[in-house]
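**Q** For this one, chain A is given, so just place chain B on it according to the hints.
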Amino acid sequence: MVKPLVGPSIEVNGELRVADVDSTMPLALFLRDVLNLRGTKIGCGNGECGACTVLMDGRAVCSCLIPLGRARGRKIRTIESLGNPKALHPLQAILVEKGAFQCGFCTPGVMMSLLALLESNPVPDEAEVRTALQGNLCRCTGYVKLLEATMTYIWERGHEP
Amino acid sequence: MNREFQFVGMPRPQIEGPDKVTGRAVYTHDLTRPGMLHGAVLRSPHAHARIRQIDLSAARAMPGVAVVVVGTDFPDRRYVNAGPQYADRHAMARGKVRFVGEEVAAVAAETSAQAQAAVSAISIDYEVLPAVLDAEAAQAADAPAIHDKPGLPRNVAQESIADFGGIDAAFAAATHIVEGTFEHGIVAPVCLETNGALAVFDPQTGNMDIWAPTQAPFFVRKEVAYVLDLDPEHVRVRSVAIGGGFGGKSQSPEPIAIAAMLSKLAGRPVRILLNRQEEFLSGKSDHAKKMRVRSAVAADGTIIGRHTEFWVDNGAYTHMGPAYISAVRQRTCNLYRVGAAGFDGKLVHTNKVSGGSYRGMGAPQIIWAIETQMDEIAEKLGRDKLDYRIEVANRAGDQTPQGWNISTCALTECLAEAGRRIGWHEKKNSMPLNRGIGFAAMINPSVGLLYAEGNFACVSIDLKDDGRLRVGTQSADCGTSQNTVLAQFVAEELNLTPDQVDVLHMDTKETPADLGSAASRVTFVSGNAAIKTAKAFRAELTRRLACLWSVPADDIMFADGISSFGTDNARRIDLADAAAQVGTFRVEERYDVDMPRPDPKTGYGDYAATYGFGAQAAEVEVDPTTGHVSVLKVVVVQDIGRVINPLALDGQMHGGVVQGIGMALREEVVFDGGVPINASLITYRAPRIIDTPVIETAYIETDDPSGPYGAKAGGEHAINPTPAAIANAVAQATGKRFRKLPITAADVLCALEEERSLPIKPWIRPYNMEIATARALYPKILFPGLKKLGAAVGRKPRPANGHDYERPSDLEDALVALGRPNRKVKIMAGGTDLQVGLRQGVYAADSVVDISDLSDLKGIMIGDGVIRIGAATTISELTEHEDLLRMHPMLSDGLAKIATRQIRNVATIAGDLAQEKRCWFFRSGAQCYKAGGVSCPCYAVLGDNRHHSVMGAGRCAAPCVADAAPILTALDASVVIADYAGERRVPMTNFYRWSGETVVATNEIITAIEVPRPNVAHTQAFEKHAGWDGDFADASVAVHLAWQEDRVIKARISLGAVAPLPVRAKSAERALAGSWLTDSAVRAAAEMVIAGALPLSDNGYKCNLIVNLTERALRKNRDQRA
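Protein chains in written order, with the numbering used here: chain A, 94 to 254; chain B, 32 to 1153.
What the hints contain is simulated information worked out from the structure, not anything from laboratory work. Hints may be right or wrong, so weigh each one.
Each computed DSS-like pair below joins lysine-lysine, with the alpha-carbon atoms no more than 25 Å apart [stated by the list, open to error]:
| no. | chain 1 | residue 1 | chain 2 | residue 2 |
| --- | --- | --- | --- | --- |
| 1 | B | Lys-495 | B | Lys-664 |
| 2 | B | Lys-664 | A | Lys-179 |
| 3 | B | Lys-1097 | B | Lys-1081 |
| 4 | A | Lys-168 | B | Lys-767 |
| 5 | B | Lys-767 | B | Lys-459 |
Only chain A is shown next, with the shape it has when bound in the complex (with noise of 0.2 Å):
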């Protein structure tokens, strides 16, 4: 059987993105370098800090930890798939307004994991949404206004008109 060496070709954030890469390259590199979608965080690259989480069918990952080859006919979700400064999400339009993070260098990746939480669970309670964050390591906040916006944002979402 023949096997492509290289040119994976991965859908990003909807679109189909090719490369003629190596396929041990870390996503996180790859989103970051050869895609320059930066807003992808590299905080360790051991899948220890889960600034480079991202999604992949839906799922959180660490994306350092994740080999191109594999990402190949994936679907994969970056922090560039939601908001921008000027049109916030609204779940980013309450982590800014309730101070939920401050160097921000963690907050793409929280992004990410809280994303794929609502999307499996659209109403966690605080204990889920913590078991969601373990893996995001944030050293500025203590993570309280971040559980607090977040629940926060749960709650106006189950009370909207």
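**A** Structure of chain B alone, referenced to chain A:
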């Protein structure tokens, strides 16, 4: 100051918020330039060695390499850091290396991989010198000399001795003397963004542009210009987003200077980004220290004197050590009323990473020592610990023995309020078992004088064409909202909305000089400068309009962005029109903390214009089974003058508290022979979201006359009393005092179980005699001998040269790939261990075969008698499977405790079982038995072995930490293993060899796990203890019981993380068969599991832990049955 504010006191979200939350904010990591080279640094593997020779020829010849530099390529100049008298560090090592991780050589190449490869090709001949790693030992006359510093005792960088007010007389007059010795290790800042730099040198102009995450562009510019011998006018630090600071980005900029040098030599842009391990090895961490505190107390409780002796571990080079010594001293006698104060402090060099200025600058730990003693004094006096503190707290108008004049001070109110909010007086006589409440307070200079030559800030304001104002500051905003706060100040002063104000930070060409963001100084110092500049802006605008309109300047009004003269509509103009008519312009003002400096010899005298105060109360619960401390609630009450931005300030308080929890209970860099062995974000335990308690903040505003609109500093306030408050709460909960930070669960458990002896009975396993004998011979004979032998003949790690990747379409394909001759092939399932291991060099492979989506290996099939789980089924898929949860809840619950959501989403059940050992010596690259083979020693025997095996460990003490292993063993599961010829089934009890390796051969693949379906009444429970649920276990136990009526008929008990493989506790299993599980039967069976153990020096707690966890798991089984 009595006035109504528009924006001061209002919660303002961060100006940069929308950019950050969308991933658009640009950090140094995100920058590239056309033609940019990638830099990599070669670091010393030795704690202390002479560099005999460096051979760069191979590296220079490597593909893609542009330039290679070593220390002697730089001018012979040292970083100035804390002042010329302390300058002891070159930009890169020259002649000698003094800590593991010191920069020895650097390469710039076309790609990052090429740079790494070239660095590996550099060959250095070292003469290894004896190293000294302990600040106390380093002072011995025969200790190895790290530097030649004339005029000071050996390895001492600074001595700080003083007596304010007659300390000897105070002790002579004392009724009570309370004393204690306290120590702590090194805490790391752990910024999510690692250090790095992009340097762009223009050979035509000689300009050096630098983008780097630094708290202090002013110092970067000064130091880089100096060590590279460039004209400072040519060096420009540029604006960029910064991913956290906490002091970790405030000192001499090694990666920055190295990137600059590489760029200068190559004539091209060069970017260096440190990886996480490098960040731990070379970053600016806290200092370790040892403190001996003695208090002289009169019969009425007056503290008539306090003497503090302390040694600060400076590390190899002096960065912030002298300032640190001063910061520690300040906390000993200025918070509570003390009659006389004496100090004897030493800053001592060791062969460890250099200390920096991590948040709090040593205050949190000295406050812990002082506040522990305050509790003990209150106990001795029979006083309530809160009331006593309030009685002796400093008040406005006090002068301290160090000569500090306390102006505004709400310390007593802060203490009382903290007590009220935590409910002390209601709760204190009825505390539930294992609960405790602790108090602590703090004083912080607002703002401590950073440098004798001055503490100043400058701020500029530009009027732009579009009528917007741009505030310029060199104090870099690392995420603390200080840009937002400066905009608030300017808007408030000019009666604009903050939205009309932009802020440019850092840029040393576009913004005026400022010492930077450190020591909680920006709101206070730069804030005062911003107000002053705003006033100047108004004056300049008015002056220009007065000329234009030919009216007196004093008669021009300026409000809401409109300048006007009376009601004259022709003389009414907004800022954009003003810019068009009078021109754009810039004003710039300088603010100095203008006050006499403390005596340079003794340190006597005020250290700041004013002081901030705060008190905290913490409530904790201790789990007596594991020693785990849960912080339930922290109350923070602060006197920070006036609150400018409550949203930002709360954020500072919350972050400080949670960092303080880490410092109190978990965080410490662990060294082995000078090598940091927990240099990763799994093994270094920074708090995760699960650790976050309820945090309540309150502010008692004092309106300080020296502060901007009455504000004091705040950034470090909340971390400072946190470890102390927690430690005092733990003391109340346990009845034990701890004299070392962090207070780990192991420490607590040992203290709680001090009096209980366990029937460990090592003699029942005859091989323990051999092992005990070998261990006795380790220090003098076996370890040094094997280390030498292993270095000579041991298996060498294979350099990571990359590997092929295959994604086969079915199992047969995968087996073919596995069987290719002369290729080292590794199977990758989730890859969460394998890829990290390949990067760490613990695995080697020519080819990786990714089986993660082979349908033959996926899925859960519930058969009549057996549940078959495909080997490549992810942990998440297992934990989400409802039938499985019903049949074997222990499997679902237990696997949910593996790692994090992101890891569970890709990691597989077979991968968990087959993962490589997590021993921190092995993972740090030690040439140990596991890495190098039989000729090499086990580093755990003499090193820090708190996580290692307590039983069954022979040549290798690394435990099996796969959570699935004990669970599947207790469920009598089997592993199905296939090769080209067919399948075989291996019961879990035979799956691991004694050393913990699996029985899977190199040409085999695990295809499935088979778990028997329960066919009788049964119960099961899995108990695990780790730093946090997802962390690797320190001990775990799976208990599976079959029942008939109320009696156990069959028991399976399997222990995890205490031995190289999961261990069945067979004697306990036998004892339980036929048992009714009474309390005494449960405890007796639990104690049996530890029989035959042979713990190492630091892991005895695991014996208690595994017994207690077994007891708990048995009780849970019994509860389920009931």
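**Q** For the pair supplied as a hint, Lys-168 of chain A and Lys-767 of chain B, is the alpha-carbon distance within the 25 Å limit?
**A** violated, 55 Å
**Q** Is the hinted pair Lys-767 of chain B and Lys-459 of chain B satisfied, with a Cα-Cα distance of at most 25 Å?
**A** holds, 17 Å
**Q** Quickly compare the C-alpha distance for Lys-1097 of chain B and Lys-1081 of chain B to 25 Å and report which way the hint goes.
**A** Distance ~11 Å between Lys-1097 of chain B and Lys-1081 of chain B Cα, so the pair holds.
**Q** Is the straight-line distance between the alpha-carbon of Lys-495 of chain B and that of Lys-664 of chain B 25 Å or less?
**A** Judged against 25 Å, a Cα distance of about 48 Å means the pair is violated.
**Q** With a cut-off of 25 Å on the C-alpha distance, tell me whether Lys-664 of chain B and Lys-179 of chain A pass.
**A** Distance of about 38 Å is beyond 25 Å: violated.
Comparing the model with each earlier hint shows violations of hints 1, 2, 4; every other hint is respected.
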